[in-house]
Amino acid sequence: MQQYPTSWQTLRLLLTLVLYRQLNKIMVQLSASKTKIAGSKSRRPTVGKKITIGVFTVIMAVVYIFSSVLFTSGFIRLTNPIRLYQVTWDQLSDLKDKVEVTDPQFLVAAESIIANDPDFIDMSPPERAHDAKLFAECIVKQTAYENSFIGLFVPHACYPLDYQKLVNQGTLLALYWFVALFSMYFSSSFNIESTKIDTAFLLNLPTPSWVLLVGKIFEYALFNMAHWIIGFSFFTVCALASGHGWSSLLLAWLVLAPFIFMSSSLHLMLETLCLQYLSFKRAQDIQFVFGVLSFILFFTLINSIADSDKLWGITSLPWFNLPFAWPLKAVFTPGISGWLWMLSSSLFALIISLGCLYISVNTIKHGFIGRFATKQGQRGDALAATASNRTWRPLGLLGKDLLTISRNRLLLSMTFVLPLLMIVIYVMLFPNLITVAASNFRNTCALIFGVSSYLLIPSASSSLSMEGPAIWMLMSTPRLLLDLLRQKLLMWLVVALMYALTMLTVAFLFVPWDTANGIADATMVLVGIPIFSVIAFSMGAAGTDVQAANLQERQKSNGDANMALLLIAGLYTQAIYTTSVHARLLLLVLNLALAYAMWQRLEYRLPWILDPTVNPVRRVDLGDGVLAVILFMLAQPLFVLWLKTSFDLELDKSLVISFSITGVMVASIFLSLFWSRGMPNISESTGLWPKSRLWKATMQDSLMWGMGGGLFAAMIGVGYLLILNSLPAADITVDNMVSKSVVIPFYLLFILTVIAAPLAEEFIFRGLLFNGLRATLPSYWAVLASSAAFALLHPTLSVLPVFVMGCIAAIVYKRCEWLLAPVLTHAVYNLVMIFVV
Amino acid sequence: MHEPLVKLIDVTRQYGQFTAIDGLNLTIDNGEVIALLGPNGAGKTTTLRMLMGHLCPSRGHAYIGGFDCFAQRYEVMKLVGYLPDEPVFYEYLSGGELLRFMGKMHGLPNVQLAKRIEYLVETFDFADAIDEYAVNYSRGMKKKLGLAIALLHEPKLLILDEPSSGLDPFATKILLELLSAQITHGTTILFSTHLMEQAERLCHRAAIIGNSRLLGVGTIAELRQQLATDGNLEQIFFAMAGKTIN
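For the record, the sequence lines run as chains A and B. Anchor point for the first sequence: position 416 equals 416 in the working numbering, and the numbering is continuous, going up by one each time. Anchor point for the second sequence: position 216 equals 216 in the working numbering, and the numbering is continuous, going up by one each time.
You may find that some hints are simply not true.
[Said to hold, decoys possible] Capping the alpha-carbon separation at 20 Å, the derived lysine to aspartate or glutamate pairs in EDC-like fashion look like this:
1. B:K78 with A:D483
2. A:K691 with A:D621
3. B:K78 with B:D29
4. B:K173 with B:E197
5. B:K78 with B:E3
6. B:K104 with A:D483
Simulated from the structure, these hints should not be mistaken for lab results.
Let the sequences and hints guide you as you build the complete structure.
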């Protein structure tokens, strides 16, 4: 006899369903994020792939736990945070102008200035002296590095971090997190357009509705990665700060889990109420208002972090006793009472969750009779009634875009309102910003670039996502999609440039500037905006999934792209800030190359935009090369920072280790990327293995050419040194060539220059960059361009010989088609150079 | 010898391991009307989308007017008007605005475009709905708008994916009249359908696809001869496609 499952059995079924669906989703995303799977023609992951993904998940989990443990241990060891006030900084800069930093006098003077800092008064004299010495050394090292590119980043690794301040800032962030949690559900994470309760068909089964809703709560709670990760690290840090030690990890988790379930229930309740009682248009209005509100809230709170020194007293504020703040109270209360607060906050979360569930169940007691019942696409209220104007003006691509933006509140707020609002809020909240910007023309220029590029990011990510599934219309007109994108890009570029020019005019009028620097800085801004717009549009368009049903889905992977874009904009802002012409040139070249590479990649990819499963054959392209170089450059200082803070390593050792780790990391990231995208012949096309089958012959060839090339390059290098030495001021030049100001022990220098550097750099510059350039450019251009990028990453005075060495390595690689050859060239060259110097 | 308008040479398309259409060879002459018949999932839509350059054939080539459908999409689109299976339109734009936009994208001069739109709106009888947002249209209205867009630039070839699915009898009647008018006008039409009776009434030749392969192509009489039955198209279809289903 047929038997219907009980409620509990149904719930279990539902949870399994949810779990499967989410796991499949993750698998599809992991296995091939670009090869979207089309409806019924889905390609199920093979067993091998499933195992790979399983292993990957386990590794990720281990990394997650490992890094939080490391973070914890690093935190526990911290002592004596050092703070420096503006007065001290000004005195130090004055000193720098008067005395050479390399002078021993400087160190002594700097130490005494720092030791007199008002913030050190409450420390004992020996402690104070120790910290002052430490800090003075940092400043010397920073200045020593200033001329090379790494100088832009390494100094941050030198400063001992102020963890107390970090915790205070984190607390405020959490405050934001608490308050914004509710409003955010109406904005970005809660999407009015889509009806999320997609298991509603289960209501047709003889199952009580609470089962369905509980399943939904679990789905929201379990797969809200951001909350799990951010919340966990935040609560852990707070618990640590209150002296819970290693048990902080457990306490944080126990506080977090019920809280996430509570917020998921609230989310569900709001969603059900909205779907049941609000029309589409009304709901969208509400979403718009809440989106703007939560944005303002976010920035108000972020801003108050700036002066959060006194915020440690947060626990004494009256709101701290409200039940919603109990999770905070639990992690801020030391000892056993912290655990008791944890229990009560969990209990509170449970009660709220049940309440929300009760309301949700009652809301849909008679089924979905509100908007949910009518699918989008029906007549009537679904979208605002009609378009009002009845003119017969023709409508071009840009006209269509502007018309849509003016009518769609979500798009309007994303592209025009939020960036403007952001600027206004910034100016309101940071009145200092204007003063700081107005004091120095270079700062003003950096600010102008920041504002203009910020404007470009949302418009870039909406360039293709605005088209959506209606893109078939564009595809059935005799226009190239790339040309259409170019039109959109030009429009937004003109808008951004207009902003920049207006602001520059104001700056030229009101901010003091001198002819040479002022014009150079303004040019950097005006050159940077077109470069950045090309990068933003290429990445925005490439990250769009045009066929997804709603805007948020379409822009899903744009989130990552936007983070990358912010980073790139930051990189370029560094180019405006820096005084070194060398670093400027390098950053300019890198950004230019990136723009070219990304546009090229888009051009290659665009014809396949409607093709769900087939991709153009993946090849090593210029984008890989440039991204590898940038990643290599950026990740190094981060590793130095990590090694210094977690293990308290010396700077020299951290440098060597981080260089090697970064090399291995970049190589493995790109190799696994190629592998997961199904690129054929990976090891041959990156030069890891010779192209011809006769590897023994190639080995002979490589040994001969590699050694020969290395000796030849070394000869030129030595010749260059001899010429330099015959010039005046020779001592400094030799020093600068190997960044001698930081004394590195010989064995470390050997490992760094003869083993780690050739392996890592040859893979990146010859294996990826040279090969990527070769795909579209004639070989000699590829040789020159890859060597130029390679050389610019080195200290100014060694650019010339390194450029020659890079050219020789590239030619040698081209001759043998195996990375062994250029690695040998590089190693031999470096070996000779360290002995000579 | 004249060059056929549409030429499909050994066109094969795979989605991962799944073969949607396998080794399709088909030519269509100027002024011909061809129906693409086949059960659900036979590969009709895939074929049409390859002709539109949305998808790239895994093997073989598709040509329209001598241009490669994927590599030279730009040239092909000047010749073709397309109606997808389920037309999706831009949100927040009215039917009239969409027509104006598409006309502009096809490079029609303003005066000519205005006249053309006026004519189409009158023929399709949707003057009332012209100012309403297209996403609010009913299914039939969407098809009509899609067809109007396809006809906007007076293409030599119409590619219609299930033009009559979801239409009520009135709308179907109008559609058939319109297509007949186009046929007398000399437009080449390639359409997919599973409505036998309609196909029989309109088309010169029919191509039957089943199980990802072309099972037979020719006039109804030729197909009949091939199968040695004297049934109508429906019976031919069942005789051919039915075999592969079982």
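Against the structure, the hints come out as follows:
no., hint, in the structure
1, B:K78 with A:D483, "holds (16 Å)"
2, A:K691 with A:D621, "holds (18 Å)"
3, B:K78 with B:D29, "holds (17 Å)"
4, B:K173 with B:E197, "holds (13 Å)"
5, B:K78 with B:E3, "holds (18 Å)"
6, B:K104 with A:D483, "holds (15 Å)"
Violated hints are absent here; each numbered hint is respected by the structure.
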